[in-house]
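Here the protein sequences line up with chains A and B, keeping their order.
For reference, each letter of the first sequence is one residue, going 1 to 113 in our numbering.
For reference, each letter of the second sequence is one residue, going 114 to 229 in our numbering.
Errors might be hidden in some of the hints.
Distance condition first, Cα-Cα at most 20 Å in a straight line; then the derived SDA-like pairs of lysine to any residue [unchecked claim]: (1) B:K170 with B:S194; (2) A:K108 with A:G9; (3) B:K170 with A:L109; (4) A:K108 with B:K155; (5) A:K105 with B:R225; (6) B:K155 with A:E8; (7) A:K60 with A:G1; (8) B:K170 with A:E42; (9) A:K105 with A:T71; (10) B:K155 with A:P10; (11) A:K112 with A:S14; (12) B:K155 with A:S3; (13) B:K155 with A:E42; (14) A:K105 with B:Q154; (15) A:K49 with B:S194; (16) A:K49 with B:E216; (17) A:K105 with B:G153; (18) B:K155 with A:Y39; (19) A:K49 with B:E209; (20) A:K105 with B:M202; (21) A:K60 with B:Y210; (22) B:K155 with A:L109; (23) A:K49 with A:T65; (24) A:K52 with B:E216; (25) A:K108 with B:L152; (26) A:K105 with B:I151; (27) A:K56 with A:G9; (28) B:K155 with A:V11; (29) A:K105 with B:S194; (30) A:K105 with B:Y210; (31) A:K112 with A:P40; (32) A:K77 with A:Y39; (33) A:K52 with B:Y210; (34) A:K108 with B:I167; (35) B:K155 with A:M7; (36) A:K56 with B:T217; (37) A:K60 with A:T71; (38) B:K155 with A:T26; (39) A:K49 with A:V87.
Hints in this document: simulated from the structure, not taken from any laboratory.
For reference, the chains in residue letters:
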Amino acid sequence: GDSVTQMEGPVTLSEEAFLTINCTYTATGYPSLFWYVQYPGEGLQLLLKATKADDKGSNKGFEATYRKETTSFHLEKGSVQVSDSAVYFCALLGGGSQGNLIFGKGTKLSVKP
Amino acid sequence: EPEVTQTPSHQVTQMGQEVILRCVPISNHLYFYWYRQILGQKVEFLVSFYNNEISEKSEIFDDQFSVERPDGSNFTLKIRSTKLEDSAMYFCASSEYGLAGQETQYFGPGTRLLVL
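Pulled out of the complex, with its shape left as it was, chain B reads as follows:
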């Protein structure tokens, strides 16, 4: 069964450093998403991406964040200058369709980011 994969599974970084989290969505999916879950809190939407551009982003997704689909398979989330409060589990998700509002999103296993 096709699945979303994410690398690395864990990342430890120093405050102020740049990190890139990588995701490989399901191959025939067209819509891609990043969510995060701070320990003990809700899973929160960050950004959605379609046709090589951002469809929607939350208030969390400020100028420190960027997303990219550098090739036909990878989808990345970059945090330019990490802060302590960026420590969280980051989930990538993909769906075959998106704007219909009905389509199921399939999640990867997550990357646990720890900023020291």
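Chain A with its partners taken away, still in its complex shape:
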């Protein structure tokens, strides 16, 4: 069945460092791909999405490109801030799905000043 694999955390970076969180997926059909973020004590917030191959989602300085050839949707940010400390979840919505998201395990990011 469909699945999402993302890099294990936790990831600890200094402020202004470059961030990459890897995400790969297995899916039949043509899924939509998402990154959600969970700040401490809060719920899941949509960070960005891409609905077809080669689409780039972007928001708040974060970017991810839907790569069909490598089945990947890696999250990147050029310069992280302390306020980016959170848990990041990669997720897919399968092309044949009734609508349930399939999530990765989440990657905890800590940014130190």
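Given chain A, put chain B in place with the hints provided.
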């Protein structure tokens, strides 16, 4: 900005008791979902709901679980007889469309359920 709300934020219950978790989806949304996240594990799909009936449910969503839209605004998840392993964070989500497979789901802040 419209948002999904959930109550309570925390619930502690005894094993075998019934609990009802409440959600108010975004007002013009038509598709509703429940997910759960056991501590340290993945967020898992439980059930989707459209037009007053269940669209899809996972293997987790057994006879102990039920969902209801009792009025025009609330969407509830009932666990009839809670077990220790039901302890988790429960997230409600809603989307404007669903079956197109492309629509974004917006999540509430979650209810943390602890079964003792």
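Structure-based check of each hint:
no., hint, result
1, B:K170 with B:S194, "19 Å, holds"
2, A:K108 with A:G9, "5 Å, holds"
3, B:K170 with A:L109, "32 Å, violated"
4, A:K108 with B:K155, "13 Å, holds"
5, A:K105 with B:R225, "18 Å, holds"
6, B:K155 with A:E8, "12 Å, holds"
7, A:K60 with A:G1, "32 Å, violated"
8, B:K170 with A:E42, "25 Å, violated"
9, A:K105 with A:T71, "17 Å, holds"
10, B:K155 with A:P10, "15 Å, holds"
11, A:K112 with A:S14, "5 Å, holds"
12, B:K155 with A:S3, "11 Å, holds"
13, B:K155 with A:E42, "16 Å, holds"
14, A:K105 with B:Q154, "6 Å, holds"
15, A:K49 with B:S194, "38 Å, violated"
16, A:K49 with B:E216, "10 Å, holds"
17, A:K105 with B:G153, "8 Å, holds"
18, B:K155 with A:Y39, "16 Å, holds"
19, A:K49 with B:E209, "16 Å, holds"
20, A:K105 with B:M202, "14 Å, holds"
21, A:K60 with B:Y210, "25 Å, violated"
22, B:K155 with A:L109, "16 Å, holds"
23, A:K49 with A:T65, "9 Å, holds"
24, A:K52 with B:E216, "13 Å, holds"
25, A:K108 with B:L152, "14 Å, holds"
26, A:K105 with B:I151, "11 Å, holds"
27, A:K56 with A:G9, "24 Å, violated"
28, B:K155 with A:V11, "18 Å, holds"
29, A:K105 with B:S194, "28 Å, violated"
30, A:K105 with B:Y210, "26 Å, violated"
31, A:K112 with A:P40, "15 Å, holds"
32, A:K77 with A:Y39, "17 Å, holds"
33, A:K52 with B:Y210, "18 Å, holds"
34, A:K108 with B:I167, "33 Å, violated"
35, B:K155 with A:M7, "13 Å, holds"
36, A:K56 with B:T217, "16 Å, holds"
37, A:K60 with A:T71, "24 Å, violated"
38, B:K155 with A:T26, "16 Å, holds"
39, A:K49 with A:V87, "17 Å, holds"
Against the hints set out earlier in the document, violations occur for numbers 3, 7, 8, 15, 21, 27, 29, 30, 34, 37.
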